[in-house]
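With chain A held as given, fit chain B onto it using these hints.
Residue numbers (the UniProt record's numbering), protein chains in the order written: chain A, 1 to 201; chain B, 1 to 201.
One or more of the hints may lead you astray.
As the list claims (entries may be wrong) - Here are some chain A residues pointing at chain B (derived, C-beta under 7 Å):
id : residue
1  : Ala23
2  : Leu25
3  : Gln96
4  : Lys106
5  : Ala107
6  : Gly109
7  : Ala153
8  : Glu154
9  : Thr158
10 : Gly162
11 : Ser165
12 : Val168
13 : Pro173
Worth flagging that the hints you see were computed from the coordinates, not collected in a lab.
Ideal Cβ placement from N, Cα and C applies to all residues, glycine included.
2 protein chains.
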Amino acid sequence: MTDETIDEIMGATYRALCKHGYASLRMQDIADESTKSKATLHYYYDSKHDLLCAFLEYLYDSFAERIAEPTGEDPVEELTALLDCLLTPRDENTHQQFQTAILEIKAQGPYDETFREKLTRFDRLMHDRIEGVLREGVESGHFAADVDPDGTAEFLVTILNGARSRYVAVEYPLDGTRTMLRRYVESSLLADGSGREVVAE
Amino acid sequence: MTDETIDEIMGATYRALCKHGYASLRMQDIADESTKSKATLHYYYDSKHDLLCAFLEYLYDSFAERIAEPTGEDPVEELTALLDCLLTPRDENTHQQFQTAILEIKAQGPYDETFREKLTRFDRLMHDRIEGVLREGVESGHFAADVDPDGTAEFLVTILNGARSRYVAVEYPLDGTRTMLRRYVESSLLADGSGREVVAE
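Looking at chain A on its own, in the form it has when it is part of the complex:
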């Protein structure tokens, strides 16, 4: 398969998931969003499950690129930029539909080992990226010496998960979480006397 074909099929899968959600998604729905026929999709992927697993891989690669990007003058700025990036919809129009499909896939975690492995890779990637910035900031003295980079990164990943699940379930706005996260960084993570303000309201 050429990269172009892969991009095309993955784009179609994204659009089909946004339109139909995960539970009722059929190969035909993906074909309908694609220039490829259902038979061609089946030629490349044995089942809908295989295609969705390939989609999660594809998403992982693009997510890895995306969360590597945020940067800043120092670790505090970098953490703030990273958390902002993780709370910013890539596409306002389809964000809620897509996050809903992802929440459906998360609810498959206990029943589907392959999905669970892939979800765990996302979870670890996010954790490790945040932990790296925290560790760097503790070493440079920007974050307090008693900040636990591992536990704090787990906590932040939990908060990001909660922001997405509340956004889907009860439409709680991502901005609310963004504001509180900045306050958390300020009150719990910054080194004493840094006098920094990361809360912009």
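Below, chain B alone, put in the same frame as chain A:
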């Protein structure tokens, strides 16, 4: 319907949700867990959707009783007890299955207005209960004067949602979140110089 009949049907719905999840649940699965026939269930509830809405109501009442209980010598103890209660499985054996079904129902939020309304009631109940304890603690001087009870309660509800969704999707243990929540209360919410320690490790 007598209270006994209601309890019986709701218990059967709980067990059927744990066994089959939400997406593939049929009235027959609930009947199989119950002393009532499928025809009897249909006599009381027009559809599976109606029964599940009644179940969410029933769950709400029991949740309201449960989160009213935690108490303490002062607002700090009460908040800690409340967060512990919200992160403690009621039944270890079925907790993951049940939380998985609830996550599936949350993913229905955008498509199903009735579910969304009911989920919003849970969300508001949890928020208002936490906000009340925070407000009391700010007034009594146990929590810092600049703690925002409303925003902080939203943040805590987000964290509790995230703990549940990560527990389902990637088996991240609830205990990890419990520890970090206690640190958060200590570093971000307690009044300066209270010298309190809520972290028990």
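Going through the hints against the structure:
1. Of the supplied interface hints, the one on A:Ala23 holds, with its beta-carbon coming within about 5 Å of a beta-carbon of chain B, less than 7 Å.
2. A distance limit of 7 Å between C-beta atoms decides the matter here; for A:Leu25 the minimum to chain B is near 12 Å, and the interface restraint is violated.
3. The interface hint given for A:Gln96 is met, as the beta carbon of that residue sits about 6 Å from the closest beta carbon of chain B, less than 7 Å.
4. With 7 Å as the threshold, the beta carbon of A:Lys106 comes within range of chain B, its nearest partner Cβ sitting at about 4 Å, so the hint holds.
5. Residue-level restraint check for A:Ala107 holds (minimum Cβ-Cβ distance to chain B is 4 Å; threshold 7 Å).
6. For A:Gly109, the interface hint holds, the least distance from its beta-carbon to any beta-carbon of chain B being 4 Å, beneath 7 Å.
7. Checking A:Ala153 against chain B by beta carbon gives a least distance of about 10 Å; that is not within 7 Å, so the hint is violated.
8. Of the supplied interface hints, the one on A:Glu154 holds, with its beta-carbon coming within about 6 Å of a beta-carbon of chain B, less than 7 Å.
9. Restraint check, A:Thr158 versus chain B: the minimum CB separation of about 4 Å is within 7 Å; hint holds.
10. With 7 Å as the threshold, the beta carbon of A:Gly162 comes within range of chain B, its nearest partner Cβ sitting at about 3 Å, so the hint holds.
11. This hint holds: A:Ser165 has a C-beta 4 Å from the nearest C-beta of chain B, less than the 7 Å allowed.
12. Given hint, A:Val168 at the interface with chain B, holds; its Cβ is 6 Å from that chain's nearest Cβ, closer than 7 Å.
13. Residue-level restraint check for A:Pro173 is violated (minimum Cβ-Cβ distance to chain B is 10 Å; threshold 7 Å).
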